[in-house]
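Fit chain W to the given chain U structure using the hints.
Protein chains: 2
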Amino acid sequence: MEARYFEDWNVGDEAETGAVEVTREAAIAFAQAYDPQAFHLDDDAARDSIFGRLSASGWQTASLAMRAIVTSGVFPPKGLVGLGVDKLRWVKPVYPGDSLRVLTRVTSKRENGNKPTGIVQFENETRNQHGELVMTHETMVLMPRRPQP
Amino acid sequence: MEARYFEDWNVGDEAETGAVEVTREAAIAFAQAYDPQAFHLDDDAARDSIFGRLSASGWQTASLAMRAIVTSGVFPPKGLVGLGVDKLRWVKPVYPGDSLRVLTRVTSKRENGNKPTGIVQFENETRNQHGELVMTHETMVLMPRRPQP
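Just so you know, the protein sequences line up as chains U and W, in that order. Just so we're aligned: the first sequence equals residues -18 to 130 in this note's numbering. Just so we're aligned: the second sequence equals residues -18 to 130 in this note's numbering.
Just so you know, these hints were derived from the structure itself, not from any lab. Treat the hints with care, since some could be wrong.
Just so you know, same-sequence chains aren't split out, so a pair can sit in one copy or run between any two.
With a cut-off of at most 30 angstroms between alpha-carbon atoms, the simulated DSSO-like pairs for lysine-lysine come out as follows [to be verified]: (1) K73 <-> K96; (2) K90 <-> K68; (3) K96 <-> K68.
Just chain U, with the same shape it has in the complex (with noise of 0.2 angstroms):
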């Protein structure tokens, strides 16, 4: 897909991502570094738990979805960079195996001074293989202008 600069995208704009995986291994490295809770690293205490297997830490999904997104060829190559998010709900565990998508919506667009970038508001859906919703959030970027030529 073609890069999109500050001034091609409009409010209501999508795009879709391409997939991005969760191993096994991947989600277990991830909860060692990041989110050491017994659930995320141990079958029996999966099975003892609310996820019933072993499942990934919701900032592995979210970070994944970045993944998807910077990935996804349809931004910038400079780079977005995140000024925060809102309103990011876990709505079903990620487990191991699952591949997810992200389908990101533009919400609002704003000029940032003389800066070389805009302010973007994107809200998020991230699915599974399934087609099942496991995660939506809202993020705030700085996104770079089309360079003069």
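Leaving out everything else, chain W in the frame of chain U:
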């Protein structure tokens, strides 16, 4: 510190976590896996960016705050199940070599029917080793009740 259960937390209660470190290796590994943007991977690209030098992904900062909270020892050993996040703001960049602590404060709590967990909301301030605020966010979790003897 002693683990405190749902019954033990009241609105206004605070806890400060221990420090978590951000190494250059971990910052680059996280960016490769979850936020592969040039300013998080490459020193030259970082120098030309708003960050001035290689910085950690904001999602790593959020994940490290989770690590600090989970390993603080003040929450029930059965673990905290995240429901959502609000008003997350990345206030300042986090750089390799930084060390982060989280100050967390209860803003609301409520029963969850007859369930063995209650719902607790926290506001969190994450600061670096200079005491500078790098991130704020609000978290909503399911917290286990004290086990009955």
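For each hint, the structure was consulted:
{"no.": "1", "hint": "K73 <-> K96", "verdict": "between (39 angstroms within a copy, 18 angstroms between copies)"}
{"no.": "2", "hint": "K90 <-> K68", "verdict": "both (18 angstroms within a copy, 18 angstroms between copies)"}
{"no.": "3", "hint": "K96 <-> K68", "verdict": "both (27 angstroms within a copy, 24 angstroms between copies)"}
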